[in-house]
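Participant: If you want the building blocks of each chain, they are given just below.
2 protein chains.
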Amino acid sequence: MKDIILDYANGFVSDEEILRLEPQLKTVHRILYEGKDQNVGWLNYPNEYDRKEFEMIKESAEKVRSNSEAFIVIGIGGSYLGSRAVVESISHSFYDNMVVKKNNIEIYFVGNNISGTYLKELMDVLEGKDISINVISKSGTTLEPAIAFRIFKEYMERKYGRKNSKERIYITTDKEKGVLSQIAEEEGYNRFTIPNDIGGRYSVFTPVGIFPIAVAGIDIDKLMEGAQSGVMEYSSDIIKENISYIYGAIRNILYRKGKEIEILVSYEPRLFYLQEWWKQLFGESEGKDGRGIYPSSLSLTTDLHSMGQLVQDGRRNMFETVLNVISPREDIVIRKDEKDLDNLNFLAGKSMDFVNKKAFEGTLKAHVDGGVPNLIINMPKIDEYFLGKLMYFFQKSCAVSGYLLGVNPFDQPGVEKYKKNMFELLRK
Amino acid sequence: MKDIILDYANGFVSDEEILRLEPQLKTVHRILYEGKDQNVGWLNYPNEYDRKEFEMIKESAEKVRSNSEAFIVIGIGGSYLGSRAVVESISHSFYDNMVVKKNNIEIYFVGNNISGTYLKELMDVLEGKDISINVISKSGTTLEPAIAFRIFKEYMERKYGRKNSKERIYITTDKEKGVLSQIAEEEGYNRFTIPNDIGGRYSVFTPVGIFPIAVAGIDIDKLMEGAQSGVMEYSSDIIKENISYIYGAIRNILYRKGKEIEILVSYEPRLFYLQEWWKQLFGESEGKDGRGIYPSSLSLTTDLHSMGQLVQDGRRNMFETVLNVISPREDIVIRKDEKDLDNLNFLAGKSMDFVNKKAFEGTLKAHVDGGVPNLIINMPKIDEYFLGKLMYFFQKSCAVSGYLLGVNPFDQPGVEKYKKNMFELLRK
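Here the protein sequences come in this chain order: A and B.
No gaps in the numbering here: position 185 of the first sequence is 185 in full-length UniProt numbering, and each next residue is one more.
No gaps in the numbering here: position 276 of the second sequence is 276 in full-length UniProt numbering, and each next residue is one more.
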């Protein structure tokens, strides 16, 4: 298999049902490319991005890797989940430990919560290490990263002096507007641009995502190549040829049939943050006006032993979308044991991945038999190229799915409400 | 505040509604203590546990801490989530890093998935380290831990020789039955007992949970004290005095009102695995016969910037239960900045925890205004005592909630279906 393939042949949604949505999908396609809503800059961004800034990002990443032992990424939501998803998917599973060993760079994500315990204990870990930081915020007024930046700015000025700390602080923000832009100007920090017409959850291919990804030593050229391939393949308005539209259509059909929860399933633990990124993408795009599928995720087979019972036998209000990775990065062969006390010799010579795939097949059949619709997204392997393509696939599907639901997939008015209350309480 | 307190005064469920369930709750209480269903050994276990085995566990934990740099816990589901929940809640937030620094023990949880990548990369990390392992499985036939054990058994025999590796292998299993019990017997391994009448998801206070917890250097006496306090307080059949019954009753009332999803919310990132443990407890206990609330979790304020939009404005099919920790373990004070470029000086002198609490209050009001019922579980702090009490509180609530729903909260027939399919596929 050489490409991402969507398999939905489990009998829950027919081709006929999907094709019945073709006129609506063609309309959605037109609306999307007409750019009636703002924030569709992501659509062709993988082809149109600023090559000069891209090269600057690579150079800065090299500089950080050469002068820092730890890199602190300050951001929340869309300024956080995309880069973390790629970094954790590609990196070693026991990341923090290996970086020590390989003398590679440690990456920490902060400013994505307000826990003093989390930040204080991070400070313990950073003791004696050379660091650089990247603050990512469109406006600079989002409280979580703003507090973390105030604390780290002071920390770095104490450690390196005001002048030298400038070399270690990178700001990713609006081209001209906003508090963070002013700070960058005033202090003379290195800076990268968040495009005006791309919302946070669609921003992984912009400097928001790619600078931290590059610092982690991941190939951002290949990531963009994958995204470019997505732009090309998923722009066809011939529905049966465009799997991102088919996925969007199926979600809509299942939602109308009462499936209120979608579970993104993975059999590789290190895809956890990719699942978190996907939750934001779909949850924030569709969860409005009293509507929207509740996005949830499971890591299998781990969660078959916690949530498996409910998926098998509980309320039939859910469907699953399985991310099936064909080739694992690493594998282990199960060996023969002379005594065979554990009765596992029937697996001798088989690899763990072989068993993992059989677990997937067995689970698929069990859940389908139990009345849970299952979609399968097959991807050849987890590398920069296919991650780029997959993430673009999801972005495109999400836009289409949101329009089919009758909501604006690019706004998030509900996020402001807690902020408003919080600021009122804080200013009292 | 000196105790765990349940606050449900948000206007979604009235005292009258709860008291209307009093007769049913009294019946449930009687059924529970009559032990009509099997697997209610957990009810009084915190008072009745085997003191001699408990001391042995402490001694073994000390031995592991003295002769090992890493400890491998092999188990899945109920043989995994309880100990991991306590270890991660109590330990340092950047655990893996700190253990290196403090020369403490590293703990890895394996056999909870079938990813060859995960296991192979763990092997990289373990290179050159002295290790001990704990295999936890009632029968020994659960495939995930069985495979991991086969691989680690061979690994250790190669590293230490067969005789010396015995000193480093600890088996937690049934007293007499099952493959793992036979292996322990045959090989002469150290062993601890999983009581017959306690199911996996109710087993955190048994050797299943407390041995790994003790190895992590956590005070298991205090954990048991907390659980004992729970046994005492949550055994009253006077409903209005028993918050575990009230919580169970409210869940049932909300479910009948169409709230199909419960979100366990925390403002402390390190409670992640406590939330995972809670998901298994409730999901596996209630998700059957086409019924059951879908348990989900959010870590705030992180997820306000991903799932917050949907919770605020999406489909009104959910309610939230907030774990509110009164006193943080660590905190950081936000300082005044002369230039105040970020306009945060209004927070100067305030602690991050103060801001975190205002975020909680603001979010609570926003979500309640948005039509999402909110329950609050206030706990004084995250320590062994209150974690023990909280986990017992949830266990008791879950049993009651399951009975009110009309299901058997102690079985999990649906978990077998994928296993059956998988074994058929594997034996082909």
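It is possible that part of the hints are untrue.
One copy or any two copies: either way a pair holds, since identical chains are not told apart in the list.
Unchecked claim - Straight-line alpha carbon distances no greater than 25 angstroms define the calculated PhoX-like cross-link-like pairs of lysine-lysine that follow: (1) K177 / K381; (2) K36 / K177; (3) K26 / K336; (4) K350 / K52; (5) K419 / K365; (6) K420 / K36; (7) K357 / K420; (8) K381 / K336.
Source of the hints: derived by calculation from the structure; they are not laboratory data.
Participant: Out of the numbered hints, which ones does the structure contradict?
Facilitator: 1, 3, 4, 6 and 8
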